[in-house]
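Fit chain B to the given chain A structure using the hints.
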Amino acid sequence: MNLALVFEQLLNGVQFGVMLFLMAAGLTLVFGIMNLVNLAHGSLYMVGAYLAVSAIQWTGNYLLGVLLGLAGTLLVGMLVEVVALRTLYERDHLDQVLATFGLILFFNELVAMIWGRTALYTELPSWLEGHIEIFSGSRYPLYRALVIAVGLGVALGLWYVVTRTRLGMLIRAGASNRTMVAALGVNIRLLYTVVFGFGAALAGLAGLMSGPIYAVQPGMGELILIQVFVVIVIGGIGSIRGAFVGALVVGIVDTLGRAFLKPLLGTVLSPTAAEAAGPALASMLIYLLMAVVLALRPEGLFPSRGT
Amino acid sequence: MPGRARILLWSAVIALLILLPPVAEALKQTFYIDLLRRVMIFAIAAASLNLILGYGGMISFGHAAYLGIGAYAVGILAFHGVDSGWMQWGTAIAASAVVAAVIGAVSIRTSGIYFIMITLAFTQMLYYLGMSLEVYGRDDGMRIKTHSQFWGLIDLADPVSFYYLVLALMLASLYLVHRLANSRFGMVLRAAKSNEARSRAIGFSPYLYRLAAFVIAGALCGLAGALLANHTAYISPDFMHWTRSGEIMFMVILGGIATTAGPLFGAFTLLVLETLLAGWTEHWQVYLGPLLILSVIFFRRGLAGILPGARDA
Numbered sequence: 001m002n003l004a005l006v007f008e009q010l011l012n013g014v015q016f017g018v019m020l021f022l023m024a025a026g027l028t029l030v031f032g033i034m035n036l037v038n039l040a041h042g043s044l045y046m047v048g049a050y051l052a053v054s055a056i057q058w059t060g061n062y063l064l065g066v067l068l069g070l071a072g073t074l075l076v077g078m079l080v081e082v083v084a085l086r087t088l089y090e091r092d093h094l095d096q097v098l099a100t101f102g103l104i105l106f107f108n109e110l111v112a113m114i115w116g117r118t119a120l121y122t123e124l125p126s127w128l129e130g131h132i133e134i135f136s137g138s139r140y141p142l143y144r145a146l147v148i149a150v151g152l153g154v155a156l157g158l159w160y161v162v163t164r165t166r167l168g169m170l171i172r173a174g175a176s177n178r179t180m181v182a183a184l185g186v187n188i189r190l191l192y193t194v195v196f197g198f199g200a201a202l203a204g205l206a207g208l209m210s211g212p213i214y215a216v217q218p219g220m221g222e223l224i225l226i227q228v229f230v231v232i233v234i235g236g237i238g239s240i241r242g243a244f245v246g247a248l249v250v251g252i253v254d255t256l257g258r259a260f261l262k263p264l265l266g267t268v269l270s271p272t273a274a275e276a277a278g279p280a281l282a283s284m285l286i287y288l289l290m291a292v293v294l295a296l297r298p299e300g301l302f303p304s305r306g307t
Numbered sequence: 001m002p003g004r005a006r007i008l009l010w011s012a013v014i015a016l017l018i019l020l021p022p023v024a025e026a027l028k029q030t031f032y033i034d035l036l037r038r039v040m041i042f043a044i045a046a047a048s049l050n051l052i053l054g055y056g057g058m059i060s061f062g063h064a065a066y067l068g069i070g071a072y073a074v075g076i077l078a079f080h081g082v083d084s085g086w087m088q089w090g091t092a093i094a095a096s097a098v099v100a101a102v103i104g105a106v107s108i109r110t111s112g113i114y115f116i117m118i119t120l121a122f123t124q125m126l127y128y129l130g131m132s133l134e135v136y137g138r139d140d141g142m143r144i145k146t147h148s149q150f151w152g153l154i155d156l157a158d159p160v161s162f163y164y165l166v167l168a169l170m171l172a173s174l175y176l177v178h179r180l181a182n183s184r185f186g187m188v189l190r191a192a193k194s195n196e197a198r199s200r201a202i203g204f205s206p207y208l209y210r211l212a213a214f215v216i217a218g219a220l221c222g223l224a225g226a227l228l229a230n231h232t233a234y235i236s237p238d239f240m241h242w243t244r245s246g247e248i249m250f251m252v253i254l255g256g257i258a259t260t261a262g263p264l265f266g267a268f269t270l271l272v273l274e275t276l277l278a279g280w281t282e283h284w285q286v287y288l289g290p291l292l293i294l295s296v297i298f299f300r301r302g303l304a305g306i307l308p309g310a311r312d313a
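Order-wise, the sequence lines are chains A and B.
Take 1 as the starting number for the first sequence in the working numbering and just add one per residue.
Take 1 as the starting number for the second sequence in the working numbering and just add one per residue.
This is chain B alone, in the form it adopts within the complex:
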């Protein structure tokens, strides 16, 4: 019964995530609350990329751009004394959507390798823009003094409240992407991925569908950026570095491309692996690199692919 297995798996994952903070606090291991919060923020970013990469077949190698725009929206508004979370996060999402619309409008005209490179190049442009913003710390980045304020409804300075907010937002994001992918809209997107000529022949022009998905993915990743800025209380152009785009992409693939839970598994595995390796040796990337290569060569369906019922495609 794949349906029942799936419900069981989801219940277990959600229960574990809910139980983590009290357990970690009881054991005085609050580090894990921080780690898991970071994992879930990246799961949102990966879920947004999964929408265009997994379901839409658009290999965007510049998804970190929206992470950066979301973070800079929060940081810049906070710098000018606007603490309202509604304003900050709203701006983060809107700005990411607008930038995604511009990048998407140009990039989606191309395909294949050109698409990979042009999305990379646009992100690189934004990276250099961040590097040259004198007022906002250039390549050093800048600290954010106050967390986003939500009329006292929730206090993000409290790690546990912030954790539960991120958990709720992540579950909502995974559900949103799941619903989108299985809607009529998602079907057109997936049809265009598997056979563009045929989907044109039955009367769909993929361009606008792809652009819409690209904008939604950008906006969602902008939200992840706003969360990340609050998580680190810090912004820097490094959020937009191209290796960050590669990491998010790898989370999608490692977790299982075009699966609902894949982004969470991928983000969890990669970030925990990085943390473990980094605690063990300074030169952890020497080990991570070959692990990535091996997993690409031998582990094609991703983590969600080996779990029973986790695959919904």
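So here's chain A without its partners, still in its complex pose:
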């Protein structure tokens, strides 16, 4: 285990972390403002990935395809909000969980009908292939570095929008007291649709960036969704800052666990025992982390102060 390898896995962890953040930001905003538990957030991630794959093939241009995919996911998200979710804001969490569970079944099967069940892989344009040298002897794939940069850029932009703009002010006000915001004459319905579409576009962005790294297939959204739940529970539901910290922690812990837990266990256990326990423990690691955080701080690391 040399230092360059550890560094590379650490970067992979950050890369996974920023993708988790893109998902978590939308989910936590939707929960914080509309008090809606949206299990179908993972479906938007999947829709983003598929739309981008198709749009890239159709236009033959990577950037154009990415933009079309993003716009498409934004539209799908707003459509879902207007058609299905709007009636659920006043319902309890149980109804929301069940209805959005229905949405997942629908989207997974719809995608399988249109694109088939086999996994798709996105081809990277030549200018995104290759490696960059971070310090001598450490080469890192350019695309993954770009993902990190985009993720951090979005985080920065989100921070700016939420803390420095009028829209952000409305979002924060909506999160702490919805009724009051509506009473002050803000079109809260429109605000909801905008926030939901915005969250959907972020999920779509995460999905379409995941295309060249992981497989694009039906059900891909749920795999990441459950990890995103862990992120926002650790970070504190409704808090974007918490989502950012939680996402990086979960991304790094998960990636390092998968890479190094088996060899580490091998130094204390017999090789066969490490072979068996390593992968199991690695995939359970983030859930253990969440249980520990919740046992110590039931509201997460950064509890939001809204009602």
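Treat the hints as calculated values from the structure; they're not laboratory data.
Keep in mind that a hint or two might mislead.
[Unchecked claim] So the derived list for chain A, only partly shown, Cβ under 8 Å to chain B, looks like this:
1) 93
2) 105
3) 114
4) 226
5) 229
6) 233
7) 265
8) 267
9) 268
10) 276
11) 280
12) 287
13) 293
14) 295
15) 298
[Said to hold, decoys possible] Label pairs and their computed distance ranges (CB to CB):
16) 135(B) to 267(A): 20 to 26 Å
17) 157(B) to 241(A): 56 to 62 Å
18) 287(B) to 128(A): 52 to 58 Å
19) 207(B) to 184(A): 39 to 45 Å
[Stated by the list, open to error] Covered stretches of chain B, going by a simulated chain A footprint (3 or more residues, C-beta under 8 Å):
20) 106 to 112
21) 116 to 125
22) 262 to 271
For every residue, glycine included, the Cβ atom is placed at its ideal position computed from N, Cα and C.
The following block gives chain B in isolation, referenced to the frame of chain A:
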């Protein structure tokens, strides 16, 4: 007379369930014995969830965990040559209770959305554990060669005997949950659901009551898992997949939350609907999904809510 209507309804349901095997065999449609047996096994799982979800207000999104633990207890013991049903089912129930105690002890400290997510996460952990058990087939699962043995008292390899055993156990489970929900214990549980602050004020600390209900529900669902393993003669981590938890939850809601018969109606409707849709089109989930959404939006009281006298709350 809601009381009389209820007795009539129950008699009709039980009579139909008892008469099904001979009729199905006479018509050479043994497929229906299998289907109904599966429905009743899931009715037990749904009834156990109904205890904590319906009466206790604890939205557990990880109830499939106990289904999996029960099934794996049977499968693992059978793999190592322990065929005794008493041992297998006893282990299934005990192991589920222990795991439920651990999960419950952590989860019940939280509430609302945190509770939903943490129960989901724990089940996901067990799912990945099942996926990585090399000896027991990993993600492929494994076949169980022999059914649970009960000193020759009953032969589970015979579909009809097994059917009647499941029927008896299901009726017992529904009755158990009904009695629990209407006992002093159940009253405290329901009081804590409707107003936690008030039930604290009159001197009850809900935590232990909730934990006890959580453990009982886990144990009962463990039994359903043991039955399911015998039903399919097969175990796989898919028993613990989170969509399975969603299905069980949906059965409770569809049938009528916090009603005695709800879990049976819910399990029946959902599984029969799935079977029908799956026989009609490969892409049945495209239709099932919107049906779920519509039923949540427009059909809030569940099936038991529209039947006269079936509602006992």
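Now the hints, each set against the structure:
no., hint, result
1, 93, "6 Å, holds"
2, 105, "4 Å, holds"
3, 114, "10 Å, violated"
4, 226, "5 Å, holds"
5, 229, "5 Å, holds"
6, 233, "5 Å, holds"
7, 265, "13 Å, violated"
8, 267, "20 Å, violated"
9, 268, "19 Å, violated"
10, 276, "6 Å, holds"
11, 280, "4 Å, holds"
12, 287, "4 Å, holds"
13, 293, "10 Å, violated"
14, 295, "6 Å, holds"
15, 298, "5 Å, holds"
16, 135(B) to 267(A): 20 to 26 Å, "24 Å, holds"
17, 157(B) to 241(A): 56 to 62 Å, "59 Å, holds"
18, 287(B) to 128(A): 52 to 58 Å, "40 Å, violated"
19, 207(B) to 184(A): 39 to 45 Å, "40 Å, holds"
20, 106 to 112, "holds (count 4)"
21, 116 to 125, "holds (count 8)"
22, 262 to 271, "violated (count 0)"
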